[in-house]
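Enquirer: Residues per chain are reported as follows:
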Amino acid sequence: MNPRLMTPWRELVEMVRMAANAVKTNILRSSLTILGVFVGVFSIIAVMTGIRVLQQNLEDAMNGLGANTFAFQRFSGISFDAADWEKYRRRKPFRIVDLSQLERRVTLAQAVSASANFGSGEASSRYAQTSPNIPGNGMTPEGFTTQNLTLGEGRGFSAADDDSGRLVCVLGFDLAAKLFPRGSPLSESVKFQGISYKVVGVLVQRGALFGQSRDNFIAIPLGTARRLYGENLSVQLQVQAPNRDTYAEMVEQARGVMRTMRQVPPGDDDDFEIVSNESAVSQFRSLTSAIRLGVAAISSIALIAAGIGIRNIMLVSVTERTREIGIRRAIGARKRSVMLQFIAEAVLLSEVGGALGVVGGILFGNLISFVVKAPPVIPWDWVGIGLAICSAVGILFGTYPAWKAAHLDPIDSLRYE
Amino acid sequence: MSLIRIQNLARRYVMGTETVHALRGVSVQIERGEYLAIMGPSGSGKSTLMNLLGCLDTPSEGSYELNGKDVARMSDNELADIRNREIGFVFQSFNLLARADALHNVELPLIYAGVPPKERRERARQTLVNVGLGDRMHHRPNELSGGQRQRVAIARALVNSPSIILADEPTGNLDSKTGVEILSLFEELSRRGNTIIVVTHEEEVALHARRVIRIRDGLIAADETNPHPRAVVASVSAP
Chain A
1 MNPRLMTPWR ELVEMVRMAA NAVKTNILRS SLTILGVFVG VFSIIAVMTG IRVLQQNLED
61 AMNGLGANTF AFQRFSGISF DAADWEKYRR RKPFRIVDLS QLERRVTLAQ AVSASANFGS
121 GEASSRYAQT SPNIPGNGMT PEGFTTQNLT LGEGRGFSAA DDDSGRLVCV LGFDLAAKLF
181 PRGSPLSESV KFQGISYKVV GVLVQRGALF GQSRDNFIAI PLGTARRLYG ENLSVQLQVQ
241 APNRDTYAEM VEQARGVMRT MRQVPPGDDD DFEIVSNESA VSQFRSLTSA IRLGVAAISS
301 IALIAAGIGI RNIMLVSVTE RTREIGIRRA IGARKRSVML QFIAEAVLLS EVGGALGVVG
361 GILFGNLISF VVKAPPVIPW DWVGIGLAIC SAVGILFGTY PAWKAAHLDP IDSLRYE
Chain B
1 MSLIRIQNLA RRYVMGTETV HALRGVSVQI ERGEYLAIMG PSGSGKSTLM NLLGCLDTPS
61 EGSYELNGKD VARMSDNELA DIRNREIGFV FQSFNLLARA DALHNVELPL IYAGVPPKER
121 RERARQTLVN VGLGDRMHHR PNELSGGQRQ RVAIARALVN SPSIILADEP TGNLDSKTGV
181 EILSLFEELS RRGNTIIVVT HEEEVALHAR RVIRIRDGLI AADETNPHPR AVVASVSAP
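Taken in sequence, the protein lines are chains A and B.
Under the numbering used here, the first residue of the first sequence carries the number 1, and numbering increases by one thereafter.
Under the numbering used here, the first residue of the second sequence carries the number 1, and numbering increases by one thereafter.
Just so you know, the hints here were simulated from the structure itself, not pulled from any lab data.
Quick caveat, the model's predicted, so the values are computed rather than measured.
From the three backbone atoms N, C-alpha and C, an ideal C-beta is built for every residue, glycine too.
There could be a bad hint or two in this list.
[Unchecked claim] Here are the simulated lysine to aspartate or glutamate pairs, EDC-like style, with alpha carbons at most 20 Å apart: (1) B:177 <-> B:203; (2) B:177 <-> B:188; (3) A:198 <-> A:215; (4) A:335 <-> A:11; (5) B:118 <-> B:143; (6) A:335 <-> B:78; (7) B:118 <-> A:320; (8) A:404 <-> A:417; (9) A:404 <-> B:203; (10) A:335 <-> A:14; (11) A:24 <-> B:188; (12) A:191 <-> A:174; (13) A:87 <-> A:320; (14) B:118 <-> A:174; (15) A:335 <-> A:320; (16) A:178 <-> A:163; (17) A:87 <-> A:268; (18) A:335 <-> B:203.
[Unchecked claim] Ranges between beta-carbon positions, derived for each pair: (19) A:395 <-> B:76: 15 to 25 Å; (20) A:28 <-> B:176: 55 to 65 Å; (21) A:28 <-> B:172: 55 to 65 Å; (22) B:13 <-> A:298: 17 to 27 Å; (23) A:28 <-> B:8: 20 to 30 Å; (24) B:43 <-> A:24: 24 to 34 Å; (25) A:9 <-> B:16: 16 to 26 Å; (26) A:380 <-> B:68: 57 to 67 Å; (27) A:385 <-> B:172: 50 to 60 Å; (28) B:68 <-> A:412: 23 to 33 Å; (29) B:76 <-> A:7: 51 to 61 Å; (30) B:126 <-> A:400: 51 to 61 Å; (31) A:24 <-> B:176: 55 to 65 Å; (32) A:298 <-> B:18: 20 to 30 Å.
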């Protein structure tokens with residue numbers, strides 16, 4: 001009598017092979033079952049991929065400020081809460097006079113700058129003109145460092161430009177390309193909101209954020225903006241520390257100075273926001289975590305429904321294949337082998353749906369990368385999680401039908417019509 | 001030592017409040033190499049006896065020794081292993097896997113025995129050749145005639161070299177000519193030393209066996225040897 005050679009591993013391999021055959025031969029029914037899992041996994045992966053693309057884009061593009069720099073703002077970076085919005089709107093704006101106070105009192109700062117948006121308008125050169133949606137920015141000379149603006153051609157603003165309010169400008173990369181399709185724009189003149197400026201510099205390209213160009217603007221010295229648009233322009237203030245080590249200390253000092261300037265009573269919350277590149281990214285993360293949670297909840301429901309679908313299909317399959325089960329038991333299949341075969345079938349159905357969902361989700365989620373012009377991403381961690389969940393669904397919902405199959409009476413099963 | 005030794009074997013079924021005595025105490029010894037027919041009308045208990053002999057069922061009372069091992073008290077797993085190694089079933093309705101080809105059907109017992117793929121394919125192929133289906137290996141059951149299907153089933157029963165071939169009405173679904181072919185295959189197998197037990201209610205079939213056990217009302221009514229088993233060749237050549 002030869003001993004039984006079946007090792008657990010071989011048994012698993014053989015049962016998976018049998019399950020694969022069964023799935024293949026029942027292709028229509030299998031595909032309907034697969035659909036449920038597909039939808040569940042697809043939605044998770046698509047959303048996670050989309051968020052990952054946006055986050056990647058944001059992290060790459062979050063260089064609106066220079067190194068070790070923060071900005072004082074009235075508004076928080078991202079908010080969808082109307083009440084918050086109201087709160088921000090009521091805050092006292094920052095004025096140009098605040099700049100000199102900061103310069104004098106924040107002793108740890110290496111550079112302090114101010115910038116002001118004085119409204120959008122049409123820009124034109126002797127070659128071309130734009131739509132009236134080009135934002136105009138007033139900047140102090142230090143603004144180029146604190147706002148991480150690099151000059152590709154020409155120069156930035158000098159203290160003299162600022163002090164005497166000269167009619168000079170620096171163009172964003174896209175705007176320069178539009179207004180001066182051929183040749184250098186330097187020393188050419190650009191008309192913005194009816195005023196002519198001499199181009200002294202052009203910035204290097206910064207790329208898009210969430211699909212919006214960040215190279216389509218015109219900058220003039222803040223002093224010029226004050227002269228033309230008045231002292232009451234609302235400004236944003238940037239403060240830069242000389243290095244990483246002093247940054248945290250400097251933020252605290254600047255916060256204290258700002259609270260005194262704005263007369264915030266001790267114990268009250270700041271009536272301004274301190275924004276840095278990092279804070280914007282982390283804010284986006286916390287915002288998307290809510291979306292993630294919602295999607296996870298919806299997908300779980302979809303997967304539970306899909307699991308129940310798998311269970312029902314497997315129950316039908318067990319009944320339909322009663323005779324097959326009887327034959328297998330008669331020629332020597334142990335209960336465990338039968339059970340393994342059917343669980344493997346459930347897991348396989350679930351995994352095929354999951355794999356299709358992963359592929360579809362990644363493709364769909366990356367559509368957003370075309371929209372925002374960012375490189376596509378593959379969220380490997382979620383691929384792993386998705387497929388693991390599929391296995392769990394298969395095992396969880398396949399066990400009962402498999403148990404039923406294994407415990408059929410072989411004699412009755414053989415007679416089953 | 002006898003291949004099969006059965007003593008006082010009884011099987012009762014409880015159906016609702018009633019107890020059905022399908023088998024009331026049967027004692028039989030079967031030697032290696034015998035060609036035996038178990039006969040009886042329906043309801044006589046012959047199917048119950050066959051299920052017990054085939055280790056698909058366990059007795060309510062009595063003992064059953066197969067190859068010197070008491071199988072009456074074995075666990076479900078042990079019985080599955082015994083069915084795999086010691087018993088080859090041939091059924092009236094063939095009981096092949098419809099979606100698998102002949103080769104895979106014959107391979108199946110070897111899969112559960114844990115034989116590696118290459119070896120089992122070779123053994124299945126050889127067994128199919130032996131039953132005369134060398135050219136039908138990759139046909140599915142619905143592409144085969146009844147006789148061919150039964151040959152596949154016989155190959156499946158033989159492939160793991162069992163101690164007993166247990167056939168339940170093996171010619172019941174076949175026309176008489178094909179039935180005769182199957183019986184001649186059994187004769188051939190018997191000549192080669194296989195132990196064959198055929199359960200039937202057809203005298204015609206039983207006449208080919210060398211020993212006939214008749215069951216009636218759950219008891220052995222007769223156990224007779226057939227001194228001149230009918231040779232198939234004669235019935236084939238008869239006009």
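Enquirer: A separate judgement is required for each hint: does it hold in the structure or not?
Expert: We went through each hint and held it up to the structure:
| no. | hint | in the structure |
| --- | --- | --- |
| 1 | B:177 <-> B:203 | holds (16 Å) |
| 2 | B:177 <-> B:188 | holds (17 Å) |
| 3 | A:198 <-> A:215 | holds (18 Å) |
| 4 | A:335 <-> A:11 | holds (12 Å) |
| 5 | B:118 <-> B:143 | violated (25 Å) |
| 6 | A:335 <-> B:78 | holds (11 Å) |
| 7 | B:118 <-> A:320 | violated (31 Å) |
| 8 | A:404 <-> A:417 | holds (18 Å) |
| 9 | A:404 <-> B:203 | violated (40 Å) |
| 10 | A:335 <-> A:14 | holds (15 Å) |
| 11 | A:24 <-> B:188 | violated (39 Å) |
| 12 | A:191 <-> A:174 | holds (16 Å) |
| 13 | A:87 <-> A:320 | violated (66 Å) |
| 14 | B:118 <-> A:174 | violated (68 Å) |
| 15 | A:335 <-> A:320 | holds (18 Å) |
| 16 | A:178 <-> A:163 | violated (30 Å) |
| 17 | A:87 <-> A:268 | holds (14 Å) |
| 18 | A:335 <-> B:203 | violated (38 Å) |
| 19 | A:395 <-> B:76: 15 to 25 Å | holds (23 Å) |
| 20 | A:28 <-> B:176: 55 to 65 Å | violated (41 Å) |
| 21 | A:28 <-> B:172: 55 to 65 Å | violated (35 Å) |
| 22 | B:13 <-> A:298: 17 to 27 Å | violated (52 Å) |
| 23 | A:28 <-> B:8: 20 to 30 Å | violated (54 Å) |
| 24 | B:43 <-> A:24: 24 to 34 Å | violated (43 Å) |
| 25 | A:9 <-> B:16: 16 to 26 Å | violated (46 Å) |
| 26 | A:380 <-> B:68: 57 to 67 Å | holds (59 Å) |
| 27 | A:385 <-> B:172: 50 to 60 Å | holds (56 Å) |
| 28 | B:68 <-> A:412: 23 to 33 Å | holds (30 Å) |
| 29 | B:76 <-> A:7: 51 to 61 Å | violated (20 Å) |
| 30 | B:126 <-> A:400: 51 to 61 Å | violated (41 Å) |
| 31 | A:24 <-> B:176: 55 to 65 Å | violated (39 Å) |
| 32 | A:298 <-> B:18: 20 to 30 Å | violated (55 Å) |
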